[in-house]
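A.B. asks: Sequence:
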Amino acid sequence: MSDHESSAGTPGPKAHELARFYLDALEDIMDPKEYADLRLLVFTLLQAMTEPIDPDDPDPERHLEVVMTPAVHDEWLTIMGILGSGRLDQTIIEVGDGSRTVVDSDTAADPQALAAYCAQVRERNRIREEERAILKGIEASST
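Position one of the sequence shown corresponds to residue -12 (the working numbering), numbered consecutively onward.
Source of the hints: derived by calculation from the structure; they are not laboratory data. We put the CB at the ideal spot given by N, CA and C, even for glycine. There are no misleading hints in this set.
Simulated restraints, written as ranges between beta carbons of each label pair:
id: 1; residue 1: Thr56; residue 2: Phe30; range: 17 to 25 Å
id: 2; residue 1: Leu51; residue 2: Leu122; range: 15 to 23 Å
id: 3; residue 1: Asp11; residue 2: Ala102; range: 33 to 41 Å
id: 4; residue 1: Ala12; residue 2: Thr56; range: 17 to 25 Å
id: 5; residue 1: Ala102; residue 2: Asp15; range: 34 to 42 Å
id: 6; residue 1: Gly85; residue 2: Leu51; range: 17 to 25 Å
Please put together the full structure from these sequences, using the hints given.
C.D. replies: Here it is, written out as structure tokens:
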């Protein structure tokens, strides 16, 4: 998922409409299987965001049968950026630690803002990796 931050929890109607517009535009230019995988990812996320959480909800760790090709990954990042910002002008960037994320065109055009944002993302990625390692260690020791 993108590290693009949003001030609102759930995307507003404008963001949903823009994301839908973008997704619909991709149908004619993406490989049909990749497009189907992308739609599954997007609509699964939107369903999870709009439905209340209750004990009967599906396991959030469930595995979706999708292939995250580079094209699906990039379009997923773009759609997450649209949903997070309500803007279509998204740019995929290299963070500097081997990962990629998406920013709006204003941030992409401002070298200082972009450098600061990339530093924040790299730090979050480092913390996530440490947490994953700890959890794997706990899991390994409990089996």
